[in-house]
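J.: Kindly produce the complete structure, drawing on both the sequences and the hints.
If you want the building blocks of each chain, they are given just below.
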Amino acid sequence: MLSGKKHQGKNSCMNHSPEQLTEEAKQLLAEYVTRYDSMKLKERLKIPAQEMPVQDPEVRTHNLDEVAIGFSSEQARVEAMRCLLCLKKTCVDDCPVKIDIPRFIHHIAEGEFEKAIGVVKETSLLPAICGRVCPQETQCQLHCAVGKAMKDMDKSVAIGRLERFVADWERANGKVVIPEVKTSTGKKVAVVGSGPAGLVVAADCRREGHDVTIFEAFHKPGGVLRYGIPEFRLPNEIIDQEIAVLKSMGVEIKTNFVVGRTRQLHDLIDKDGYDAVFIGTGAGLPVFMNIEGENLVGVFSANEYLTRANLMFAFDREKADTPIYPSKIVAVLGGGNVAMDASRMAKRLGAEKVYVIYRRTENEMPARKEEVAHAREEGIEFHFLENVKRILGDEYGKVKAVECLRYQLGEPDESGRKRPVEIPGSEFVIELDTVIVAIGNNSNPLISQTTPQIAVNKRGNILVDETQKTSMDRIFAGGDIVLGAATVILAMGEGRRAAAAINKMLAEDLAKEKPLTATPALQLMNV
Amino acid sequence: MNRIVFKRQLSKDVFLMKIEAPLIAEERKAGQFIILQTEEDYGERIPLTIADADALNGAITIIFQVVGKTTAELSLFEVNDELPALVGPLGKPTHIENFGHVVCVGGGIGVAPLYPIAQALKEAGNKLTVIIGARTKELIILEEEMKTIADELMVCTDDGSYGMKALVTIPLKEICERELKPDRVIAIGPPVMMKFCAETTRPFGIYTEVSLNTIMVDGTGMCGGCRVNINHQAKFVCVDGPEFNAHEVDFDNMIARLNSYRDIEKQKYKCFLERSIREKILV
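Listed in order, the protein sequences are those of chains A and B.
Under our numbering, the first residue of the first sequence carries the number 1, and numbering increases by one thereafter.
Under our numbering, the first residue of the second sequence carries the number 1001, and numbering increases by one thereafter.
In case anyone wonders, no lab produced these hints; they're calculated from the structure.
For glycine and all other residues, C-beta sits at the position ideal for the given N, C-alpha and C.
What you were told as hints is all true, and nothing was included just to trick you.
Label pairs and their in silico Cβ distance ranges:
no.	chain 1	residue 1	chain 2	residue 2	range
1	B	D1183	A	K271	34 to 44 angstroms
2	A	K271	B	E1144	33 to 43 angstroms
3	A	G416	B	P1203	49 to 59 angstroms
4	A	E292	B	K1007	39 to 49 angstroms
Residues of chain B clear of chain A, computed beta-carbon distances all greater than 12 angstroms:
no.	residue
5	D1052
6	N1080
7	D1081
8	E1097
9	N1098
10	H1101
11	Q1119
12	L1128
13	E1138
14	L1153
15	L1167
16	C1176
17	E1179
18	L1273
If you only want the chain B side, here are some residues facing chain A, beta carbon under 8 angstroms, derived:
no.	residue
19	L1023
20	L1086
21	S1260
T.: As structure tokens, this is what we get:
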């Protein structure tokens, strides 16, 4: 059983305790606060980058609590003071939702947290989520002038952590503001899927005064944020909070509703009177390796493994009815964030050994550096330049081992990463009882299967124009169902664009309808 | 929320429930299933085939056998109680056309999902032979209903307490051996029964369809927990099925996968029963 206890015990030498970090930041803050405005560039660059306090690895592998504890306000202010407030905002250029980063960071430095969150929320709807799961190191922080000046991009201003800080501050201090909703237009928008793209569309369309209904197939909303990303990286409480805000804005959420099955997509428009539909059903179709033994007992898609643990609470073996496989030695296949999540979850669920098997090297891993580092701290063992060739079963049809091949890196492929080339005759066997396949997802085929008239590409992704409109009238799509497996923030960016197009279309509808209703009155006046 | 509008105990462990679900009642077709939960946070999601639907009154019928904790819990729901989660209709509908002569084989609780299919086949103009089998007399369900649509009905029990003392494969084989071979066979029941039905019809080359009830989580293609080997390829029961060509199904693998969590499930059920006895929920 996992304890629900908060972090405790002494920290390893690698990480400093939150108290220690706050104490140091307090002293720094006292030193800088009086001369923050007049600080020279060189001086700013000397401000030490703040370390994110984390739960001790020994402790956290026995609970599901969040690994990164979050900056204290002192740490946040010191970190914010590192920002050079560049006039040319390269960080903003790389943000999919164009948050005015220097402006919100400046407010944090001055201790004006409410103003800071206000700036973030001008463009980003879900900062507590983005601050945690966005790949900042390849977006806003990639071109940070501080990182460049220090010749180490790991030393860039921790924009994501600061975003998370202000979002958490807002929530902890009861300052969450329900966005204003315009007077009702009478127009109805259906949002299919309650993942990141859908949540953004719902909020943006509702703000314009349209009636919005979200349809979710599962019994709880949140999509991949809930079933996929584990509690230790994105607590459910945060998703619940965002959903609560949407509900107080008047968004209706219908769970246990599979568009395409419970109701046909076109029926939403033809029969149910929706004026626009947004499809944000995500990339929910797990890809398998198509190798021998993949259907043995003990082989799971990362989707299944994580859904059991996250959405169905299978981590709580006492209370939950949904079982989780009792694993001792686990191999996770893949090198992305999902592979990190699955391996770390397996560890928390009591696996004695967890291997991540990846065909290339650490440099090519798509997972975030921070997640890889956290996984390593937690005792996950990485097997690079190896790949599973087949899975071996025992006489009961259960996994007993994997046969692997060694690889070396060859020429770069179309993605620019060096292609892994197998070394013939390098087979070797690893004994284990569980294999989790985390090599990616294709688009969920349910909508395209049940709506043949919607145009998709050969991978099953829905085709859209630059406004996110599909081949069908009044139907828009965005997020992973369009992009293939991508990121939360890109899905949100697509949702934003789709919502803008939907709002524009509905405004045009309303403008067209107006003269009709106004005509009799005008005629009367003429008489 | 889905309200239970009717409940009847068909035998010691078998229950029939009609549940309010207007959209599902309207959309569902023969062969499709639902997923339900008896508790929203910690409950598990179990798939159950829709046995019948009444679109006019907006209700679906499910028939289930108590085999574990969730089905036991479900059997304690009474009329007017509401289920916290129910989603559907899921899966592809059965392919219905006038095939000619169709043999429908139902084993135990499998007769429940077979019934709407038999109904639809009858409506499409097929000649219907129905074989119902069960371990013992009291586990025979829907005999009267099947009688009204079947051109020929055979009932058998393993212990001979009712109908002929035989496994369903005995009459099935006899029918296959007739001069006028049936055009199609549909078998729904325990995996072992379906496996042997497949073996029975294989030498005769009669197309045989089975409806698989595997472990599922989401039921929309997202988790892949339900995958089975069909002609050496992994297929998802929830979106590619639930019905497949019986002669292509790797039943041994499917049965092994169904038992993935058997020990945990047994333990959960045992704890539930012990607690129920303590709290005097069950007699």
